[in-house]
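Visitor: Here are the chains, one letter per residue:
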Amino acid sequence: MTFRKYLVLAGVTVFAAAGDSMLSHGMKQTGEISIHHLQGVLLAILNPWVACGILLLLAFFAAYMNALSWADLTYVLPATSLGYVLLALVAKFLLHEQVSPLRWLGIALISGGVGFVAGGPALTSDKHSTSPLLSKSGRSGAPTDEAAPTNESAAAVSGGGEK
Amino acid sequence: MRHVYTWGAILVIVFFSVVGDILIARAMKQVGDVHALLRRSGLWTVIGRILSNANFFLGVAAMAVAFFSLLFALSWGDVSLVAPAAASLTFIGNAFAAKIFLHEKVDTRRWIAAMLVAAGVALLAG
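Line order of the protein sequences matches chains P and D. Residue 207 in our numbering is what sits at position 157 of the first sequence, and the numbering runs on without skipping anything. Residue 129 in our numbering is what sits at position 95 of the second sequence, and the numbering runs on without skipping anything.
Hints in this document: simulated from the structure, not taken from any laboratory. It cannot be assumed that every hint is accurate.
Below 30 Å or equal to it, Euclidean Cα-Cα: the simulated DSS-like pairs (lysine-lysine) are [stated by the list, open to error]:
hint, chain 1, residue 1, chain 2, residue 2
1, D, K139, P, K55
2, D, K133, P, K55
3, P, K142, P, K78
Just a sample of chain D residues kept apart from chain P, beta carbon distances all over 12 Å, derived [to be verified]:
hint, residue
4, W41
5, F49
6, V94
None of these values were measured; they are calculated from a predicted model. For glycine and all other residues, C-beta sits at the position ideal for the given N, C-alpha and C.
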């Protein structure tokens, strides 16, 4: 785990929390969408809060995909669940909402879960990173480097005496 | 009747969220470590690889269905039930699905983490 990877996990956490809360705020302004007027969903996108929320969720998605390229799904999901804690803390200290003891217990449980998973390895499944080419080229690198190389990257190292 | 609709919506959201997460996770494992790939061959290679991956598009489609179901449910359902219930059940569903479909080693540590987070998310609604 490098500093950059921790940054990506932090990005997943923050973007998801901010995006969700903006979306929720915007949808409350838009009001109820009836099952008979589904076009209301499309109109909701015109709400600036909903639009900002969607942009933030796109940023979340980019960071999320980045994280999934080098870590397990069962690692990324708990590791980034601190966003819920973040939301509760924002509600308490910025919006001055009441946070009940039950909610504090929820915050403690989530933090505990994050601590649990963060102590373990990030990647356990390497069945999908098939790399017959790369093992031949003998390139040194992180274990997760073993993703199948593209033609261009294979060509780039072939000059270095791969054969 | 409203409860039936609400829980129906929650189950739809959870199902498509899990399917989407699994497909995206599989797609990104096939693409390979983005950081290493960026260093080696640049941004366009990464984008090209993602856009040529069928699992990616299927995953995005599933996530889009989950997203609009959530948007739909949030507009009339009880927000303090729909959002945490869907999020909480998605954690559990993902742990099972990741073990079965992605062959991740979901050991005791990860089960406990998934359970703690799911319970915590459910409690935050209280």
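Visitor: Just pull the numbers of the violated hints for me, sorted ascending.
Guide: The structure breaks only hint 6.
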